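Residue-level listing of the chains:
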Amino acid sequence: MSVKTLTINGKTVTGLAGTSLFNTAWEAGIRIPRLCHIGGLSDIGACRLCLVEIEGRPRLHPACMTEVEEGMVVRTESERLHAHRKLIVELLFAEGNHVCAVCVSNGHCELQDLATSLGIDHVRVAYQHPRRPVDASHARFTLDLNRCVFCRRCMRVCDEVEGAHTLDVAGRGAELRLIADLGQSWGTAESCTSCGKCVQVCPTGALFAKGSAVGEMTKNRAFLQYIVTAREKHEWIRK
Amino acid sequence: MTQPPPSGRAPPATKDNRQKLFERAMSRQAYAGHALIEVLHTAQELFGHLTPELLREVALKLKLPPSRVLGVATFYNFFSLQPKAEHTAVVCLGTACYVAGAPQLVQALERRRCACAAADADKEAGPARLSVQSARCIGSCGLAPAVVLDGRILPRVSAAQLERELDKIGITA
Amino acid sequence: MSEAPSREAPGREAPMATVWLGGCSGCHMSFMDLDERLLALAERVELGASPLSDFKDFPPADITLVEGAVANEDNLEVLRRVRARSKVLIAFGDCAVTGNVTAMRNLFAVEDVLDRAYRQSATVIAGLPLGGDGVVPRLLPRVRPIHEVVQVDHFLQGCPPDADRIFDLVLALLEGRTPEIARRFG
Amino acid sequence: MTPEDLNERAAAERARQQGFRERLHCCTAAGCLSCGAEELKRDLTAQVEARALSQQVEVQGTGCLGLCSRGPLVRRASDGAVFHELTPSEAGLLLQPGDAAAEAALAAKRLDTAHPFFAHQQRIVLENAGRVDPERLESYLAADGYSALARAVSELSRQEVLAELRASGLRGRGGAGYPTGVKWELVAKQPGTTKYIVCNADEGDPGAFMDRSVLEGDPHRVLEGMAIAGYAVGANQGYLYVRGEYALAIQRLQGAIRQAEREGLLGPRVLDSAFRFRVDIRIGAGAFVCGEETALIASIEGGRGEPRPRPPYPPEKGLWGQPTLINNVETFANIAPIIRHGGAWFAAIGTERSKGTKVFAVAGKTAHTGLVEVPMGTPLRTIVYEMAGGIADGGRVKAIQTGGPSGGCIPERLLDLPVDYESLVGAGSMMGSGGLIVMDEASCMVDVARYFMEFCRDESCGKCVPCRAGTVQMHQLLERFCAGQAGEHDLALLKELGTLLREASLCGLGQTAPNPVLSVLRYFPEELDQRLHHDAEAAAAAAATEPA
Chain V
0 MSVKTLTING KTVTGLAGTS LFNTAWEAGI RIPRLCHIGG LSDIGACRLC LVEIEGRPRL
60 HPACMTEVEE GMVVRTESER LHAHRKLIVE LLFAEGNHVC AVCVSNGHCE LQDLATSLGI
120 DHVRVAYQHP RRPVDASHAR FTLDLNRCVF CRRCMRVCDE VEGAHTLDVA GRGAELRLIA
180 DLGQSWGTAE SCTSCGKCVQ VCPTGALFAK GSAVGEMTKN RAFLQYIVTA REKHEWIRK
Chain L
0 MTQPPPSGRA PPATKDNRQK LFERAMSRQA YAGHALIEVL HTAQELFGHL TPELLREVAL
60 KLKLPPSRVL GVATFYNFFS LQPKAEHTAV VCLGTACYVA GAPQLVQALE RRRCACAAAD
120 ADKEAGPARL SVQSARCIGS CGLAPAVVLD GRILPRVSAA QLERELDKIG ITA
Chain P
0 MSEAPSREAP GREAPMATVW LGGCSGCHMS FMDLDERLLA LAERVELGAS PLSDFKDFPP
60 ADITLVEGAV ANEDNLEVLR RVRARSKVLI AFGDCAVTGN VTAMRNLFAV EDVLDRAYRQ
120 SATVIAGLPL GGDGVVPRLL PRVRPIHEVV QVDHFLQGCP PDADRIFDLV LALLEGRTPE
180 IARRFG
Chain U
0 MTPEDLNERA AAERARQQGF RERLHCCTAA GCLSCGAEEL KRDLTAQVEA RALSQQVEVQ
60 GTGCLGLCSR GPLVRRASDG AVFHELTPSE AGLLLQPGDA AAEAALAAKR LDTAHPFFAH
120 QQRIVLENAG RVDPERLESY LAADGYSALA RAVSELSRQE VLAELRASGL RGRGGAGYPT
180 GVKWELVAKQ PGTTKYIVCN ADEGDPGAFM DRSVLEGDPH RVLEGMAIAG YAVGANQGYL
240 YVRGEYALAI QRLQGAIRQA EREGLLGPRV LDSAFRFRVD IRIGAGAFVC GEETALIASI
300 EGGRGEPRPR PPYPPEKGLW GQPTLINNVE TFANIAPIIR HGGAWFAAIG TERSKGTKVF
360 AVAGKTAHTG LVEVPMGTPL RTIVYEMAGG IADGGRVKAI QTGGPSGGCI PERLLDLPVD
420 YESLVGAGSM MGSGGLIVMD EASCMVDVAR YFMEFCRDES CGKCVPCRAG TVQMHQLLER
480 FCAGQAGEHD LALLKELGTL LREASLCGLG QTAPNPVLSV LRYFPEELDQ RLHHDAEAAA
540 AAAATEPA
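These protein sequence lines are chains V, L, P and U, in that order. Numbers 0 to 238, taken from numbering that gives the first Met the number 0, label the letters of the first sequence in order. Numbers 0 to 172, taken from numbering that gives the first Met the number 0, label the letters of the second sequence in order. Numbers 0 to 185, taken from numbering that gives the first Met the number 0, label the letters of the third sequence in order. Numbers 0 to 547, taken from numbering that gives the first Met the number 0, label the letters of the fourth sequence in order.
These aren't lab readings, by the way, just hints derived from the structure by calculation. All of these numbers come straight from a predicted model, not from anything done at the bench. Don't take every hint at face value.
Stated by the list, open to error - Here are the simulated lysine-lysine pairs, DSBU-like style, with alpha carbons at most 30 Å apart:
1) P:K86 <-> V:K85
2) U:K316 <-> L:K62
3) V:K3 <-> U:K316
4) U:K316 <-> L:K60
5) U:K188 <-> V:K3
6) U:K316 <-> V:K232
Just need the whole structure built from these sequences, with the hints factored in.
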């Protein structure tokens, strides 16, 4: 496979053809903000946080879904990108009901981390306070849609890794919601194997293990890389 | 909306042969998963709305995850998971109709709908008498403002005319 | 924002205020957690209006910490007056910054919230506290963070913000430095 | 059917038509149908039979005659006269040629076809409207139908067809105006044998009904264009994705496909050649975003109509991951004439960079509303004032809106702009699919912007954050403006959100959603200003006491 040489933030980096800008940057120690992307799952380019500037192209491109090309000149940080990322995170905070003070993921939340790293100190857009349900019908897990940011990691891991496809999204636009099977309560969804992968990949406190108190829910994402490595490289022993 | 797309080929549906017609429609699509939208169109045409049982059957026959079937069924405006009202009025809210006064027509219809609902409040639960919907553009901009009442286009309609039409079908104030 | 009074002489204590709107007073408790630093602070500021002090009309202040969200008509009126008489106004704690727990009632209609609190859960006398006597302020349709109503100069997050950060912020303002607020959103 | 058979069938049909003393074409497009065109046609046919004139007079349905506001319309083929708002008894007068009294009685119902509304039109896409019976294949054949396809498959190589297209300078009629020839070549040069042709007939812009009129009035023309495309790029399967709302169009297309397959114009051996081409209809289910090509693909595949990031573009990776050519109805409707008359003929019409004609659906406050097809380069002023007759009650034009929710408004003073892709984009609007709404002085531009933002909010698929959450916020801000409760910081936020949506949204819907607002900011800033509350805090306090 051919190797492409490109420049990211002034640094010369190389990546195999077919690799995404996001992963190439990551390998080179360059961190790009992201929410919907998670290593080991397909990409959807939905959160728009990993948008980067590519010289000679008028549009911004999602790093997770843009393949490296020879001679590309990429910038992952700029005033414009920072402003966009900030506003996107503010929109997410305003869109759901993110009450960190009473959230199981307080302090271990990717949304919170993004806000902190982007220097957000308040949300300029109007809080929507939508009425969204909490589904506690599952024996081991709870789905609190108030905290959902629609990154769709859960439905992808359920489909692509577990193979159950219990979860999907229904409705559209601001009425989007996460559903299990035919929209019944999660606990009665026949297809669910209760594997808990969805909980581990969820960036916020939308999916959590029952019995967690405020700030207690930490997620373990290492399993995903482990499964992918096992499947693709046949390495079952963790190095 | 005007009537959902006609499958064209199907003979008239009766209560007894609906299931058969539905099965035939799926078979004509070779039970292919990518025919999901066509199959949902047919299901709604035959049964009026998409019940959980129907969605379950579609998922089973087309070999699709149920959550995906529901995800698709709820994405499109055309599909309804609720029983239809006895009468349907669709107000076109396309730009031409909007500037020609469609919002007033919506108000007039809503008044009637509320009056009916209030009158029926103590009756047994059944489908609503009138459903008021809006369409993004029915493509009859030359006839603005337009309302589609039970599948029939009322061109350049005023609120007063609309109310007379409602009187005719028994949706009285 | 109206002109705040200039300090009459150097070395004089800066007028400071704290305000308690729709919140649990936890941020004020955290302020009390300054412990012995309260004494250090007392040498540099004069606490005018505050839930901890007695005052009639809100005296002008150089620094005002506002705890809580804007939940009722009284909050709204107080906040606007406070803004007009404060040089630097700080959203003090998560309720002021985001609405936080106070704003969780926004998921419901005001009537339903009142009904639940004063009728369904009543143990002694069931009834709404709305006599129109002006004693109990009317709830606003929605609880809002304070920056949606007035201009805010600094945001101090936390539920509650810990004492160290409160102290650092106030100290920086007193010393005329741009405060560096350790950020932790939500 | 061989190409020779095709010629014979066409000649026979023309001879049959000439056998009639008179042919009356009743417009049976949706507009006229809703004014009783079907009844009128039935009645007229009965009158012909009652008077034993069946051998002399033919009554047939036909596609949109254009002036929808005056339906039902009937066209008399012998002299091309068009009559409006006819009652059955008045229509009966059409059966009395040479009767001076009848002619005098009809005079009041006769449209002035020399009126600029008709006279300034140049019809390519709509050339058959009012002439061809959409339900009879023969009728289309008599109008040179399928002769372009016959020429392509029997006389031209794929390369030659592509060369004609490129020479024509045709650009996509659905939106941004990508050169059609270039797109076709992109698909043609992709390796592999499985490729698809998709016709985007999901016309969703509120205020646009050009495609509907073509589909209802001349369905075979679209099929012919798709088949030629299939031949040129090497695709054997086509999909026609039609709006579910267009029941009549669907019905006519289904009929047209059946006829064409039966006659060997589509199917395993197109016109007796080795070229195989099938067209299937996919019926949309009510989602504006499906007009975006990647969303449309997702929908044809049976999924939620959500777009995905491009690249890869559909010519490389489209339907089921295969190279896919997507054009809209009007684009396909231009193909047959280009192959019939040659690319150079087409390129001679229009402007330097925008060739051919454009169909506009003129609606709003004008005296005449309906469909007009004008050469590219026609000044907007000509369309609005001369053709559409200006504002109905003599009022003044304030602005026009083109491009629907993705476009913008153009103020009266800029109406001298010629119709072409670059001019409209330069003016902050876009060609879009061709809706043209005329607004008078009474129209509030902020309200119009709010209306379009509401549209985008409701039609956002919800996949990407800027569009899903941003349209909600922008709409609320515009509501605040309309209510007089917006302050300076609301204006700043509105602009910032607009920039975010334009630059960061995943697909065209979100990227262009701010356009109507931005064009108001550009041309009618005073209207926003008037609604600005200059005491920001008082505005905020007022907003706080009102239910959100």
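Hint-by-hint comparison with the structure:
Among the hinted pairs, K86 of chain P with K85 of chain V is consistent with the structure: their alpha-carbon atoms are about 28 Å apart, no more than 30 Å. Of the supplied pair hints, the one linking K316 of chain U and K62 of chain L holds, its CA atoms being roughly 25 Å apart against a limit of 30 Å. With a C-alpha separation of about 22 Å, the suggested pairing of K3 of chain V with K316 of chain U holds against the 30 Å cut-off. With a C-alpha separation of about 29 Å, the suggested pair K316 of chain U and K60 of chain L falls inside the 30 Å cut-off, and the hint holds.
Pair hint K188 of chain U plus K3 of chain V holds up; C-alpha atoms about 25 Å apart against a cutoff of 30 Å. Note on K316 of chain U and K232 of chain V: the hinted pairing holds, with a Cα-Cα distance of about 28 Å set against a maximum of 30 Å.
The structure shown violates none of the earlier numbered hints.
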